[in-house]
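Chains as they are written, first to last, in the numbering used here: chain A, 1 to 243; chain B, 1 to 796; chain C, 1 to 282; chain D, 1 to 192.
Any given hint could be a false lead.
No more than 30 Å apart at the CA atoms, straight line, and that leaves these computed lysine-lysine pairs for BS3-like [said to hold, decoys possible]:
no., chain 1, residue 1, chain 2, residue 2
1, C, 193, B, 177
2, A, 221, C, 272
3, B, 446, D, 36
4, B, 173, C, 252
5, A, 160, C, 252
6, D, 36, B, 123
7, D, 107, B, 382
8, B, 251, D, 148
9, B, 422, D, 36
10, B, 658, D, 148
11, A, 160, C, 144
12, D, 107, B, 422
13, D, 148, B, 655
14, B, 655, B, 251
15, B, 267, D, 148
16, C, 193, B, 190
17, C, 196, B, 190
18, D, 36, C, 144
19, B, 37, C, 252
20, B, 257, D, 148
21, D, 148, B, 307
22, A, 160, C, 151
23, B, 336, D, 148
No lab work stands behind these hints, which were simulated from the structure alone.
Chain residues, written in single-letter form:
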Amino acid sequence: MKPKRRRKRVTKSVACELASHAPEGAEIQRYNLRERLIHWTVATSFLYLLLSGLALYSPRLYWISSLLGGGTNTRIWHPYAGVVFFLAVSIMTVNWRRCLWLYPEDWEWMRYTWSYITHGEEGVPESGRFNAGQKTLFWMQALSGLALLLSGVVLWFPDKFSWEGLGTEPQPYSPGASSPGLAGILTHEVFAIVSMGCITVHLYMGLFATPGALRAMVEGKVTEAWARTHHARWYKRVMGISL
Amino acid sequence: MTNGWIDIGNSDVILAMGGNPAENHPCGFKWVMEARKNRGARLVCVDPRFNRTAAVSDCFVQIRAGTDIAFLGGLINYTLSHGLYHEEYVRLFTNGPFLVKEGFSFKDGLFSGYNPITNTYDKTSWQYEQDARGYVKQDTTMQDPGCVFQLLKRHYERYTPEVVSQITGASVKDFLKTAEIVCSTGTPDKAGTIMYALGWTHHSFAVQIIRAAAILQLLLGNIGRPGGGLNALRGHSNIQGGTDHGMAYDKLPGYLKIPPVSHQDLKDHLRENTPRALTPTSMNYWENYPEFFVSFLKCMFGSHANKENDFCYHYLPKIERDYSWVNLFDDMYQGKLEGMLCFGMNPVANGPHSNKMIAALSRLKWLVVAECFETETAQFWKAPGIDPTTVNTEVFLLPAANFAEKDGSFTNSARWAQWKWKALDPPGEARADQEILSSIFQRVCKLYQQGGGTLPEPILHLNWPYSNPANPSLEEIAKEINGRAVADLKDEKGEVILKKGQQLSSFAQLRDDGSTACGNWIYCGSFTEEGNMMMRRGLRDPSGLGMFPGWTWSWPANRRIMYNRASCDAQGRPWDPTRAAIQWDGEKWVGDTPDYRPESPPEAGLGAFLMLPEGVGKLFAPDFAEGPFPEHYEPVESPVKNILHPMVSPNPLAKTFKSDMDRYGSPEEYPVVCTTYRLTEHFHYWTKHITVNSELQPEFFVEIPEGLAEELGIKNQQMVRVTSARGSVQGKALVTRRIRPMAVDGRRVWQIGIPIHWGFAGRVTGPLANLLTPTALDPNCSTPEYKGFLVKVERV
Amino acid sequence: MPLELKALSATNYPTRGIRETPRVCKLIDVSTCIGCKACEVACQEWNDTPVAETYPYTGSYQTMPDLAHNFWNLIKFREAERDGNLHWTMAKYQCMHCEDPGCLRACPAPGAIVQYTNGIVDFVQENCIGCQFCIMGCPFNVPKLSPRSQKVYKCTLCSDRVAVGLEPACIKACPTGCLQFGTKRQMLERALKRVKQLRAQGFSQASVYNPPGVSGTHAIYVLPFGNRPEDYGLPRDPSVPWVVSLWKGPMKTVGSALLLGGVLAAGLHYLKFGPQRVERKD
Amino acid sequence: MELTRRHFLKLGTAGAFFSSLGFDLRPAMAEAKGLKISRTSETRSTCPYCSVSCGVIIHTLGDRAANVTPTVVHVEGDPDHPINRGTLCPKGASLRHYVINDRRLTKPLYRPPGAAHWHEVEWDFVLTEIARHVKDTRDRTFQSRDEKDRIVNRTLGMAAIGGCTDTSEMNFLLVKTMRALGVVYLDQQSRL
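Generate the whole structure from the sequences, applying the supplied hints.
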């Protein structure tokens, strides 16, 4: 791939997205309404999935199902929420496919991850609209979502995905490990953990570690200073400051 | 059954042949399993199919349907030629030592005395040599060539293992394996039993199969002994009760005979039915026929029956020929009958040749059917292929109560008369059968009272002592069956033993002077002054052999093992002390109710078989239609000629019919042997109305051996058509390895099996197996040959 | 014989009560089974499990191909040739009531599957959420989902009858004594005795089927050909699927630890580094 | 003979307590399921199918109080019965459906000659009609003497079959009435 060409495309894309130009010192539009709507759809469905999933994940948390209308309701609605989540994430991915793509400078950023975490700002490269950490988190989440969807469908319709359901010879005597359902269980479990790990980071960053981030997703706007601090490259591009 | 269900648990060897007890009597079969588990008993199964009994047997042999006599003859020969018979038993308790008249012979499949024109036997040459007093001459060494034992030996010599194999299709090896097990019980410490059912009775030589088995059991000394006997399993819960109570054209309750036309007065009838003892030691209990018969007439016609009018002897109809089932329907088909009452029976489904049954019914003017469900018979006029408008029979279908909706007794095949209680009322307007019958009868009486008519006396004089004439209680009838004293009964000393009106307690109290009335002498004792014996639920089992004398009541005289005197040696000691049915304690016989005079010491040497004029068991029986010894004959429809005597291939006396509908197939056109059978999941034609049973066995099918299926290109579950000379059925194939090809007389013969349980009326429907079966009858008992007829099989 | 809880599905706290009850067991002596299906009917009758109105023909004597949500007891019919002899085996199949039940382990709904101290593993449909994990957790392929109620059903070993001192319905019905019921110890003794008998009769491979992979079962078999359990429709070496063990065991711990660790790490981070303030350069 | 079933104590509390968050499910678990035959009326009977004649217990709903119409809720083997000892075969075990069955006939049905359908009729009609038929057929076909002038006193135009499905007493009554009517075509299942 030719980096030059790619750069060009990105520039164009960002320019398109940020049609409105905020005056100096004022606030900048970070997420438009559509983006926020999609985000909160993702967030709400994820929250439901998280809570219902946790209820089914651990007996210690089964009580959550009471809040969700009981175990049976939890079991019934969890997969539907999963579908909503997956669709919303898919739209999000399509929309943000360019600003979430990992470019060479993101790999550079990642070398400074520790420094970023410890606020040792020295040397952390300026980031674009999303920094490499955010991008990685997104992709991990999206991939988990896909895996959870696929394994979830198996668990949703176990009879269809039993050996008999798949049209092969019935194998009632092979220990269950070889059944598609059990593979589904394993996959679902692993990626649920990954997904929950990611959401922990995301929530922490969005709610606590980065003041202003939540407001960006609620109101759509950030201060120039915020933008400069967290996404300097993006800020400059938006402000028309030449790179 | 000579013994009983529980008693099978006392056996060492159980031969299940001509019956499939695991499949058809699972709860009785329990006792086979008990014997196997507790005694290490061996179960041998001989059947045309590898059935559920075979699945748990120690030894299974497949034979061609209808070759049972050959197989049993082989066993008899094996027993005799290997000296395995119980010699002392044979000498004491059988007619082995009896000398037979000089002229008796057997040649080319026929016994002496055969008349080819009338197709009957003149039995005079089959009689015993008699001395001056009229008693049979005997040779206790059983060496005289004219004695029964030697004749038997000679007759069965021909049934060598090789011949048996050629006829039956079983291998010599399999036959010998079976013979070794079955014939191992001819010792005092061993007892073997035989369980048979309709696999034996459904042949044109059915009675002779059972006779052959009886001979084998007598030779092995197994009759009368716990764990022994010859046990007819029977097919319906009260088929025994029905038989006992005279539901047959030629019988009256208690196996009394309906008078033949030739007995024009009571004296004739009693004389002809009172046999003469053939040995000085024979108890000859039928001697009491007059007591039984007169008491029955007293029961029927009450105060109208008296000495002066021959106890209303002529109120009874007289017969001169066979009016049994297949003849009945043949006559009906010929338009000789106007109407029929049908209580809980389904002739269209269970008679042979269903199409003929339907054709016969449509020639009736009226038909009354009392049933729980709408049966094939009730709706014969809308059978497949019948246009109802062409059928002019008036049909009444009356809703009847079932077992749970009435009380009364059922007699099982072990002769236990067991009372049951009513659990609930019949549904809707359904009524109990006795109420339906009585209501009809009461109305008929009224018509005769009002308008006269032909000979109304038997009807109007019929004793009807019930408190509600239109709905007699079954308890009242049970009391009537048991019988009561009509006048004070006195013993020889003149002391009153029973007051007028009291219930009799034993058939020994019956009189021929009209002072007792008894509906059925063998049930005398079932409902005494002490109450209804059939209600008893005592669980004491003093013998430890499972006789349970205090449980309900068993005829005769609450006896649990018939001929039990034969379970002891000449001195009255049990052959096997661990299995003592009865024994002589010095003063009387103790244990089970002795089938013997209770105080007669063993030294008196009274015969052990007290109902028989011989006083002993009959190896040689001069009283059966087609010969004193069972001989192998082929079924009426057979794939091969009889290799023993090709000129006399089927039973020469078997009855076939001549109407346009009675057709019989040849092996050229119909090469496959077919047998019908029941499945454990269904009962007869009843359970097709029930969801649960219909789920267990949902559909009619045809059991086809793998090899035949291959030949015909039939795969499992494919539709096949089975056709006989009389009809055809279609069903799915069940291809199985459980029926194997057989080499019969050097030829390969295939057999198939067809379950009977479906019909055109029911929750689930299917073809009637009896569309295929032939109208060919056994000459002794007129049972049709449902098993072992010819068909052809095609893929649909 | 009152029921006392031993284990509840998806429950972490101890559930075992203090009453001691005998451990019960069903013995299926295949060598005496005549395939009469009395057990099948008795089961349906006692449990009032209705049947369909239309019935497919299976091409054999077997009632249906497999157990169903309303058919908890099935005799499997198989024709097998061994040593030149035809064997027609009939073996009753139902829930095995494992000592270590895979279904119970896999179940996420507390109390939907219970194990009593007497060994009975029972489904409590009121608590069942219909997730069908038990189906995947069962090494015997026993539990079945009802399409109507969306709950899972299987043989209860007639816990309601056993609780009041009656034998299970199938046991009571069995005409040949192929099915027996008693304490596990009695049944094992009886089974071993029967195996001895069978061996003496020439079934040298006769053995008791009490699979150790699930720590033994409360339905045990006497198999005349014990070396070939497949011929009777039984799995050779059943065990709780390793996935279920992994999933309900180490993975739960590791996963929970990871998640908890993540939250803790976030907290620590906040305390140590605090939020990232916006630069005020202007 | 009816026995009152022992009254089994219900185990645990009937109303299970569920805490609002579902923490404690123990009370629900400890409750044994109610035994469905604990308060039924028991009637001893005999299985009507094969000739082993197993003892069965019919459990009917209710205690037979005046206002109850009992229905069969369960049928089980009679454990006291020495032959079956409580066991049953698949037919006996499904006897409930033999008794309680929507295919049972509940009204007399009549099919006139040539008709294609049944007509529901009243008992009085059928009994009257049948009695008339019986008498007419008997009077028409009764034979007092045969061709050789021997007394035969028989009704040749009418047959009666049945019995094996019914009680011995009914069989006896059938024989009694039919022979009184002069019926010679009399047979049952034992020959088949």
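Taking the hints in turn, this is what the structure says about them:
| no. | hint | in the structure |
| --- | --- | --- |
| 1 | C:193 x B:177 | 27 Å, holds |
| 2 | A:221 x C:272 | 28 Å, holds |
| 3 | B:446 x D:36 | 50 Å, violated |
| 4 | B:173 x C:252 | 65 Å, violated |
| 5 | A:160 x C:252 | 27 Å, holds |
| 6 | D:36 x B:123 | 65 Å, violated |
| 7 | D:107 x B:382 | 19 Å, holds |
| 8 | B:251 x D:148 | 23 Å, holds |
| 9 | B:422 x D:36 | 21 Å, holds |
| 10 | B:658 x D:148 | 26 Å, holds |
| 11 | A:160 x C:144 | 13 Å, holds |
| 12 | D:107 x B:422 | 21 Å, holds |
| 13 | D:148 x B:655 | 26 Å, holds |
| 14 | B:655 x B:251 | 20 Å, holds |
| 15 | B:267 x D:148 | 20 Å, holds |
| 16 | C:193 x B:190 | 24 Å, holds |
| 17 | C:196 x B:190 | 24 Å, holds |
| 18 | D:36 x C:144 | 24 Å, holds |
| 19 | B:37 x C:252 | 51 Å, violated |
| 20 | B:257 x D:148 | 22 Å, holds |
| 21 | D:148 x B:307 | 26 Å, holds |
| 22 | A:160 x C:151 | 17 Å, holds |
| 23 | B:336 x D:148 | 20 Å, holds |
This entry does not satisfy hints 3, 4, 6, 19, going by the numbered hints stated previously.
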